[in-house]
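**Q** Single-letter residue listing:
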Amino acid sequence: MSGTSVIGKESGLSRRSFLRVSATAAGGLIVSLYLDFPLVAQQKPSAKTYPPDAFVHIKPDGAIIIQVNRLEFGQGVQTALPAVLADEMDADWSRVVGELAPAADVYKDPVFGIQMVGGSGSIAHSFQQYRELGAKTRAMLVAAAAERWKVRPEQCRTEASLVHGPGGQSATYASLAEAAARMPVPETVPLKKPSEFRLIGKETRRLDSRAKCDGSVKFGLDLDLPGMKVALVAHPPVFGAWPKTVDDKQARSMPGVVDIFEIPTLAKGKAVAVVADKFWTAKQARDRLQIDWNFNGLDKPDTSQLSQDYKKLAATPGNVAVNRGDLKALDTSAASDRILAEYEFPFLAHTPMEPLNTTVRFDGDRAEVWAPSQFQTFDQMAIAEVLGLTPDRVVFHTEMAGGGFGRRAVPDSHVQREAAAIAKRLKGTPVKLVWTREDDVQGGYYRPMYVHRVEVAVGADGLPSAWRHVIVGQSIVAGTPFAAMLTKNGVDETVVEGVADTHYEIANFHVSAHQPTVNVPVLWWRSVGNTHTAFVMETVIDELAIRANSDPIAYRRKLLNSEAKNLIGVLDLMDQKSAAWRKNLVQGHAVGVACHECFGTSVACAVDVSIENQKPRIHRATVALDCGRAVNPLTVESQFQGGVSFGLSQIVPRGAITFKDGYVEQNNFDAYTPPYMADAPTAVDVHIVPSDAAPSGCGEPPVPVISPAVANALSRLTGKRYRSLPITTL
Amino acid sequence: MQTYKLTVNGQAKEVTVDPSTPLLWVLREELKMTGTKYGCGISACGACTVHLAGIATRSCVVPISLVGDRAIVTIEGIGEDRVGRAVQDAWISEDVVQCGYCQSGQIMSAVALLKSIAKPNDANVEASMGGNLCRCGTYVRIRKAIMTASQRLA
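Taken in sequence, the protein lines are chains Y and P.
Numbering-wise (the numbering used here), the first sequence opens with residue 1 and increments by one.
Numbering-wise (the numbering used here), the second sequence opens with residue 1 and increments by one.
Everything labelled a hint here was simulated from the structure, so no lab data went into it.
We put the beta carbon where it would ideally sit given N, CA and C, even for glycine.
Do not take every clue at face value.
Said to hold, decoys possible - For lysine to aspartate or glutamate, the following EDC-like pairs were computed, each having C-alpha atoms within a straight-line distance of at most 16 Å:
no.: 1; chain 1: Y; residue 1: 311; chain 2: Y; residue 2: 342
no.: 2; chain 1: P; residue 1: 32; chain 2: Y; residue 2: 224
no.: 3; chain 1: Y; residue 1: 192; chain 2: Y; residue 2: 692
no.: 4; chain 1: Y; residue 1: 278; chain 2: P; residue 2: 76
no.: 5; chain 1: Y; residue 1: 218; chain 2: P; residue 2: 18
no.: 6; chain 1: Y; residue 1: 283; chain 2: P; residue 2: 76
no.: 7; chain 1: Y; residue 1: 283; chain 2: P; residue 2: 18
no.: 8; chain 1: Y; residue 1: 427; chain 2: Y; residue 2: 342
no.: 9; chain 1: Y; residue 1: 278; chain 2: P; residue 2: 18
no.: 10; chain 1: Y; residue 1: 660; chain 2: Y; residue 2: 299
no.: 11; chain 1: Y; residue 1: 312; chain 2: Y; residue 2: 342
no.: 12; chain 1: P; residue 1: 144; chain 2: Y; residue 2: 685
no.: 13; chain 1: P; residue 1: 32; chain 2: Y; residue 2: 692
no.: 14; chain 1: Y; residue 1: 270; chain 2: Y; residue 2: 99
Said to hold, decoys possible - Far from chain P, by Cβ distances over 10 Å, these chain Y residues were calculated:
no.: 15; residue: 150
no.: 16; residue: 483
no.: 17; residue: 486
no.: 18; residue: 615
no.: 19; residue: 692
What the hints assert, rightly or not - Partial chain P-side listing against chain Y, Cβ under 10 Å, derived:
no.: 20; residue: 4
no.: 21; residue: 8
no.: 22; residue: 89
no.: 23; residue: 91
no.: 24; residue: 98
no.: 25; residue: 101
no.: 26; residue: 129
no.: 27; residue: 130
no.: 28; residue: 131
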């Protein structure tokens with residue numbers, strides 16, 4: 001099995017790969033794998049001058065430092081990718097450290113061609129890459145040992161950072177590292193058989209737990225550099241506005257205030273930056289600014305108006321995403337054999353726990369950046385552009401991030417542009433830009449607001465005989481570098497995903513989308529289009545099942561097409577694992593189910609729900625999933641337990657961002673409130689379908705199923721359908 | 001500006017700051033103890049939870065001028081305490097953390113709970129942990145880790 005050719009086949013990209021190996025000044029072996037890709041970004045490969053552009057560093061003391069080519073923000077990749085590499089390398093896991101790699105070509109995502117986390121691709125895209133790196137490193141260490149002992153490499157075996165020879169010899173990886181660095185890099189290496197895995201597929205606890213439990217871990221916001229200043233920004237209250245007049249007398253008079261000045265901000269607006277010695281000084285100074293804003297010519301969004309406009313649009317067909325069969329049945333069937341359902345979804349903020357931040361120091365001909373970033377390549381380019389540098393002059397450190405959920409993957413890098421503009425003015429001084437929670441909640445880049453209009457004709461068999469589906473909402477990718485790749489026939493695929501590619505057998509199916517332009521910056525929010533499309537599909541299917549007097553699991557099984565083997569598999573597993581509690585349901589409780597596939601992973605979910613104090617109480621969720629090979633089942637379990645809680649952000653009563661006259665009406669967690677412990681399921685049991693298939697995503701797939709499952713349970717309790725989110729009244 | 005004498009994790013500290021400065025920012029920026037987190041600034045998320053005279057307190061809304069001589073314990077010091085150490089260890093063995101940003105506050109709230117109720121039930125846990133937001137949704141593992149710590153301490 002050749003690692004390199006296997007990767008090439010899997011992703012369909014032609015590329016060369018080569019290893020660069022060097023002994024370091026401090027001793028030890030450094031292994032880099034360079035991959036050449038058709039670049040998505042415009043950035044030319046920069047000179048590979050940044051020193052740690054390597055994946056494996058075996059230190060003389062036996063520690064093995066593995067570079068992680070993407071951000072760690074909860075998904076567990078800082079543990080999982082080192083485990084994959086260490087497994088193939090036969091490294092001593094107790095000595096392995098995962099480090100977040102800086103921005104560099106070598107760390108670009110093997111599929112996307114830019115350095116990023118998104119699309120649930122951390123493991124899906126880098127599993128094979130890290131296996132191969134581990135196997136090649138091992139082969140070189142074995143070659144070095146074989147040469148030392150004058151034996152053939154095949155006579156040696158490895159285990160826990162040791163090479164054992166045929167005559168009972170053994171040598172540590174650390175002692176072999178320098179010799180290994182001079183060995184030729186093997187073109188191809190055999191990879192382990194699954195039966196030989198020591199870490200892959202095993203429950204491995206996170207490497208970052210201790211530091212995250214004793215306060216020692218440093219997130220981007222915790223950065224402290226000598227002479228560092230803190231910047232806060234007074235953002236325009238309407239996107240794109242700019243200051244008419246700024247009265248900063250009071251603010252400037254405060255001790256500790258360094259400077260106050262205008263900077264460009266998102267949506268082509270202008271903002272006022274306040275730089276001070278400390279956060280609290282900057283905050284107080286910002287509060288004392290008196291700014292008269294200019295709104296001339298700006299569209300002032302208003303969500304109740306948008307709701308009306310969207311509903312009007314939804315009554316007409318949009319750009320066509322799917323046109324299969326015909327919709328005659330909708331015209332010919334009796335009203336009683338039709339469902340007409342109109343759904344509404346609000347804007348949603350991501351609100352990762354760590355507020356947005358970036359630190360930049362500009363030294364004239366170079367810059368250094370510390371950022372918790374999902375998009376290192378774009379953020380580095382944007383900072384370089386603002387500072388008038390080439391990207392290779394911007395040293396970019398990836399900082400640990402307190403969540404993200406898409407919010408740190410912004411194609412226009414607006415936070416980093418602000419940080420760069422501030423650093424440019426304060427040349428030589430490191431400045432940490434902090435977005436307060438208020439900036440974050442009000443700062444745009446929301447999951448767009450959507451309206452769906454669904455008309456279904458129901459056949460005599462209780463199955464849909466025709467289905468017309470219109471979706472109205474902003475495009476996420478329009479105007480970004482992703483537009484070309486993700487727009488087809490004028491339809492942003494992220495708007496219709498989850499409907500257009502449904503696995504339900506609907507012979508007569510028409511899906512179209514309107515994508516109005518609205519003065520609200522929008523963005524992907526964990527699971528992207530599936531947040532709303534799965535809710536619509538899974539609640540309509542539930543309604544159809546009820547009409548057909550059919551068990552909701554049996555109805556889904558019947559309607560799923562023959563290609564949906566994985567979905568049927570997870571439905572079966574969920575059915576089996578939840579059967580006992582579903583049979584013994586407490587009086588006043590109801591079951592809701594949902595299933596969905598996205599990012600290559602199939603998920604089915606059943607929930608046990610009652611109503612307490614006019615609110616849904618979720619006593620239990622049983623989740624079954626098929627993500628191919630589960631590289632770290634413990635992390636998979638955590639992602640699904642946590643992901644269902646995140647998914648409930650959509651239905652909790654204060655889970656909406658609304659606009660009135662251009663202004664966002666919420667500004668912190670008191671008004672935009674994600675689920676607390678009592679809103680989340682009391683218990684979540686997660687069941688993984690055993691699989692040898694290539695691993696698929698686990699970050700986003702947990703999110704879509706939970707809200708429709710809960711809504712379906714509520715419908716059984718109240719007899720009402722829930723079509724407008726969040727659910728404010730039962 | 002005013003000078004305040006504080007006791008943080010058993011150590012005497014002195015800071016000179018504006019009296020309105022929240023304890024959170026004194027810890028983070030004056031004492032360089034960044035384990036206590038800023039999440040909202042309005043006591044709505046619990047990421048900034050510390051113990052003030054043994055009581056779980058949102059340090060983002062406590063001005064330094066109101067701290068007085070009450071002892072402050074933060075995530076950096078809670079491991080010195082038997083219950084604190086047990087909670088941290090349970091968090092690790094139950095693999096609770098994801099992004100980890102809220103977990104300092106979660107742990108401080110959990111320790112306060114177990115110090116007042118050694119064997120909490122589900123309702124006790126929800127009451128004590130109910131104001132600590134976790135965006136990653138680690139709640140079910142937090143519940144389990146609290147029970148694990150409680151059992152180990154018994």
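**Q** Are the hints correct? Go through all of them and say.
**A** Taking the hints in turn, this is what the structure says about them:
1. 311(Y) with 342(Y): Roughly 8 Å between the alpha carbons, so the hint for residue 311(Y) and residue 342(Y) holds.
2. 32(P) with 224(Y): Holds, at about 8 Å.
3. 192(Y) with 692(Y): holds (13 Å)
4. 278(Y) with 76(P): violated (22 Å)
5. 218(Y) with 18(P): violated (26 Å)
6. 283(Y) with 76(P): violated (26 Å)
7. 283(Y) with 18(P): Holds, at about 13 Å.
8. 427(Y) with 342(Y): violated (54 Å)
9. 278(Y) with 18(P): At roughly 11 Å apart (the allowed maximum being 16 Å), residue 18(P) and residue 278(Y) satisfy the hint.
10. 660(Y) with 299(Y): Holds, at roughly 12 Å.
11. 312(Y) with 342(Y): holds (11 Å)
12. 144(P) with 685(Y): holds (13 Å)
13. 32(P) with 692(Y): violated (48 Å)
14. 270(Y) with 99(Y): Violated, at about 37 Å.
15. 150: holds (46 Å)
16. 483: Holds: least Cβ distance 29 Å, greater than 10 Å.
17. 486: Holds: least Cβ distance 26 Å, greater than 10 Å.
18. 615: Holds, because the least Cβ-Cβ distance between residue 615(Y) and chain P comes to about 13 Å, which exceeds 10 Å.
19. 692: Non-interface label stands for residue 692(Y): nearest chain P Cβ at 25 Å, farther than 10 Å.
20. 4: violated (14 Å)
21. 8: violated (12 Å)
22. 89: Hint on residue 89(P): holds, closest Cβ of chain Y at ~8 Å, below 10 Å.
23. 91: The hint holds - residue 91(P) has a Cβ within 10 Å of chain Y, the shortest such distance being about 5 Å.
24. 98: This interface hint holds because 4 Å falls under the 10 Å limit.
25. 101: holds (3 Å)
26. 129: Status holds, d = 5 Å.
27. 130: holds (6 Å)
28. 131: Where the cut-off is 10 Å and the nearest Cβ of chain Y is about 7 Å from residue 131(P), the hint holds.
Of the numbered hints given earlier, the model fails hints 4, 5, 6, 8, 13, 14, 20 and 21; all others are met.
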